[in-house]
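For chain A, the structure is supplied; the task is to place chain B on it using the hints.
As a plain string of letters, each chain reads:
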Amino acid sequence: MTVVLAAIAALALAVANWFIWVHAPLEETMGLVQKIFYIHLPMAWWGMISFLAVFVGSVMVLWKKSAFWDRLAGASCEVGVLFSGLALVTGSLWGKPIWNVWWTWDPRLTTTLIMWFVYCAYLLLRQAGVGGERGAVVRAALGVVAFLDVPLVFISARKWRSIHPTVFGQQGGGLEPEMFTAVLVSIAAVGIFWVALVRLRTLQLGQDAAVRQAFLHRTR
Amino acid sequence: MLGPALRIAAKDLRLSLRGAQGLAQTALLGLLIIFVFSLSRKPGELVPALAASAIFWLSTLFSQVLVFNGLYALEENNGARMGLAMAPIAPQAVWLGKALAGFLLVLCCQAVFAVAVAAFLGQDAAGSLALGLGSVLVVDVGLAALGSFMGALASGKGARESLLTVVFFPLIIPVLLAGIRLLEGVILGGDGPSLEWMGIAAAFAAVFSAAALILFPYLYTGEE
Numbered sequence: 001m002t003v004v005l006a007a008i009a010a011l012a013l014a015v016a017n018w019f020i021w022v023h024a025p026l027e028e029t030m031g032l033v034q035k036i037f038y039i040h041l042p043m044a045w046w047g048m049i050s051f052l053a054v055f056v057g058s059v060m061v062l063w064k065k066s067a068f069w070d071r072l073a074g075a076s077c078e079v080g081v082l083f084s085g086l087a088l089v090t091g092s093l094w095g096k097p098i099w100n101v102w103w104t105w106d107p108r109l110t111t112t113l114i115m116w117f118v119y120c121a122y123l124l125l126r127q128a129g130v131g132g133e134r135g136a137v138v139r140a141a142l143g144v145v146a147f148l149d150v151p152l153v154f155i156s157a158r159k160w161r162s163i164h165p166t167v168f169g170q171q172g173g174g175l176e177p178e179m180f181t182a183v184l185v186s187i188a189a190v191g192i193f194w195v196a197l198v199r200l201r202t203l204q205l206g207q208d209a210a211v212r213q214a215f216l217h218r219t220r
Numbered sequence: 001m002l003g004p005a006l007r008i009a010a011k012d013l014r015l016s017l018r019g020a021q022g023l024a025q026t027a028l029l030g031l032l033i034i035f036v037f038s039l040s041r042k043p044g045e046l047v048p049a050l051a052a053s054a055i056f057w058l059s060t061l062f063s064q065v066l067v068f069n070g071l072y073a074l075e076e077n078n079g080a081r082m083g084l085a086m087a088p089i090a091p092q093a094v095w096l097g098k099a100l101a102g103f104l105l106v107l108c109c110q111a112v113f114a115v116a117v118a119a120f121l122g123q124d125a126a127g128s129l130a131l132g133l134g135s136v137l138v139v140d141v142g143l144a145a146l147g148s149f150m151g152a153l154a155s156g157k158g159a160r161e162s163l164l165t166v167v168f169f170p171l172i173i174p175v176l177l178a179g180i181r182l183l184e185g186v187i188l189g190g191d192g193p194s195l196e197w198m199g200i201a202a203a204f205a206a207v208f209s210a211a212a213l214i215l216f217p218y219l220y221t222g223e224e
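Keeping their order, the protein sequence lines are chains A and B. Per UniProt numbering, residue 1 is the first one in the first sequence, and the count goes up by one each step. Per UniProt numbering, residue 1 is the first one in the second sequence, and the count goes up by one each step.
Honestly, I wouldn't trust all of these hints.
Here are the simulated SDA-like cross-link-like pairs (lysine to any residue), alpha carbons at most 20 Å apart as the crow flies [stated by the list, open to error]:
1. B:42 to B:54
2. A:159 to B:42
3. A:159 to B:199
Read the hints as simulated data drawn from the structure, not as lab findings.
Bound conformation, chain A alone (with noise of 0.2 Å):
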């Protein structure tokens, strides 16, 4: 299934740059550069998608007390502190020759950066076993916690400052048809690209476990 996953999500991301560099048309003022947003756009909100998965895993560990959501709560923070990783990343590559900065004070960037550290520190507490046997819970709990954090962050940084472009904003935005056609089937490929990463990295914790268990006198 997850080789059938993958498979579908390489044909799907070769079939979105079809339509990001041929399809979509060339942005008048940004020029190529433009381009870069397909990329970033699908990756900035499939990275809050999977934080939103790690507050849904947290929230049935603590619910149903099963390991399986614990390991799809790692596996989507993983992915996701990826993505957003690199929505970051492509982020400051455009805004450099747009902007003229690589970085700038805005309610999406910093959003993004501080789920991003939040959800790295997920991470590190993960791999350090803090809290011993309770350890899916004590994660759980912050995977709550971190989520609930992010539209106060949102709120707080907007009423900070400001310089974001809306695309899909109150005003319509600024996007051609055909641009628009080029993002949503970026978004959909990426989407299929999450499902597999997730998969994958799911069963993969799920392997680990259970070779854990098998081994469990020498582990301890």
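Below, chain B without anything else, positioned relative to chain A:
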């Protein structure tokens, strides 16, 4: 829950203030931070109100981490945590008690930091002092709510205090921004955007108090 929480807070305060070693160390660290930041300006150069306010809250944050690590370390030995967890009280009373004790200890440190910011960074309060005190109290409630929760996370076997800082600092960003803006308003005078920031600080305190009330029993068990 309130009675046991007050008793736990009183016990923690007695233990923390005995010899005042813990509190002195915490206040000293904060003072050092303010002093070191004062070196970032040339002699005679004014520190902007926003920077001074940020330095005040940074000192508060570092002392806050020390305070809550210290409060949860009180039950580290001789199975004292097990005793507290087995006591016939709601587990949340431990969170509330430690949050109260931590709130008061941090407030003591802040009294010292406020004087240090005025002296080392040359700041003066042009705005309402009552508003300033109110803002500090509201922000401190949020900090204590999350600090007490995170302290429990870092207690016990396998926990790393340094890891706590890495988790704690990004989580408190919203209330930190609110605190910085509120204090800047007090230093500069005028109370334009204060109420909105006060709202964010109050929302932070409410959200994390509610989360801690629900989640704390999962975190705080007697297990080593």
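Now for the hints, and whether the structure bears them out:
1. B:42 to B:54: holds, 18 Å
2. A:159 to B:42: Violated, at about 31 Å.
3. A:159 to B:199: holds, 12 Å
Hint 2 from the earlier list is the only one contradicted by this structure; the remaining hints agree with it.
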